[in-house]
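Position chain B against the provided structure of chain A, taking the given hints into account.
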Amino acid sequence: MQVQTTRFGTVEVDDSRILEFPSGLLGFSSYTQYALLQPDDDGLFFWLQSTEAPELAFVVTDPATWVPDYQATVRKEQMEELSLNTLETAQTFVIVNKYDQTLTVNLQGPIIVNLGNHQAMQLVLADKRWTTRHEIVRLTSQERLTA
Amino acid sequence: MLVLSRHKDETIMIGDNIELTVVDIRGDKVRIGIKAPSTVPVHRKEVYEAIRKENEGASSFNKDDLGEIPPPRIARFN
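Protein chains in written order, with the working numbering: chain A, 3 to 149; chain B, 43 to 120.
Don't read these hints as lab results, they were simulated from the structure. Any given hint could be a false lead.
Claimed, not checked - To give an idea of the chain B side of the interface with chain A (calculated C-beta under 7 Å), a few residues:
#1 Ser-47
#2 Asn-59
#3 Ala-78
#4 His-85
#5 Lys-87
#6 Val-89
#7 Ala-92
#8 Ile-93
#9 Asn-97
#10 Ala-100
#11 Phe-103
#12 Lys-105
Note that CB positions come from ideal geometry on N, CA and C, so glycine has one too.
Bound-form chain A, shown alone (with noise of 0.2 Å):
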């Protein structure tokens, strides 16, 4: 399908690369649409950007890069509402923010996707180690001409 953004001009999106979020994300609920768009093949980071709204989009990337030891309990609920069976089938995101020269991520409010249905939802976890803006990665010059 053809997406509309702000940021990229419009773009084809292979519909595999479509996911539904049928209870939005937290702060976002109205938009339920997004499409997952990888910068690269090796990339670390990812686009979620909402099909219906072109200059919403978040930065997400896998938690397991980052923090070795991170887990985000599903509970059965929502393995239901995702129509999970198993978490060996589901994705886990994390939504990335940018505090200066500081990359952090929301560990306390992941991203879990079915890679079977494309169905995904906004967790929010209660388990006070994971916090909202968990430091990843800081910025330095020669960094981002690497990049």
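Using the frame of chain A, we list chain B on its own:
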């Protein structure tokens, strides 16, 4: 806002299937038991708000702010 007084172990019903019970009161801290259908998400408001606020901040990420993250390598039409 509706304000109700309750003693310890007393309950408030919300609709037919949500119950809030005052389990314990100690100083300025109240422990509340919540019985709700599994389909009703229950969160501490400050946690919910923190995530909502973080989403809001993250949604205004723009490509130029993020020169270090390459744009998607996909077909473009304009």
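Does the CB of His-85/B sit less than 7 Å away from some CB of chain A?
Constraint on His-85/B satisfied, holds at 5 Å.
Can we keep the Ser-47/B interface hint, with Cβ of chain A closer than 7 Å?
violated, 28 Å
Chain A contact restraint on Ala-100/B - CB to CB distance below 7 Å
holds, 4 Å
Do the numbers back the hint for Lys-87/B, that is, is its least Cβ distance to chain A under 7 Å?
violated, 11 Å
Please verify that hint: Phe-103/B, Cβ, nearest Cβ of chain A, below 7 Å or not.
Holds, about 5 Å.
Per-residue hint verdict: Ala-92/B, partner chain A, C-beta under 7 Å
For Ala-92/B, the interface hint holds, since the closest Cβ of chain A sits about 5 Å away, which is under 7 Å.
Is the shortest C-beta separation between Ile-93/B and chain A less than 7 Å?
Status holds, d = 4 Å.
Grab the minimum C-beta distance from Asn-97/B to chain A and call the hint holds if it beats 7 Å, violated otherwise.
holds, 5 Å
Can the hint on Lys-105/B be confirmed by a CB-to-CB distance to chain A that is less than 7 Å?
Holds, about 5 Å.
Does the interface hint hold: is Val-89/B within less than 7 Å of chain A, judged Cβ to Cβ?
holds, 6 Å
Residue hint Asn-59/B, partner chain A, criterion CB-CB below 7 Å:
Hint on Asn-59/B: violated, closest Cβ of chain A at ~14 Å, above 7 Å.
With 7 Å as the cut and Cβ atoms as the points, is Ala-78/B at the interface with chain A?
violated, 11 Å
When the structure is compared with the earlier hints, violations turn up for hints 1, 2, 3, 5 and for no others.
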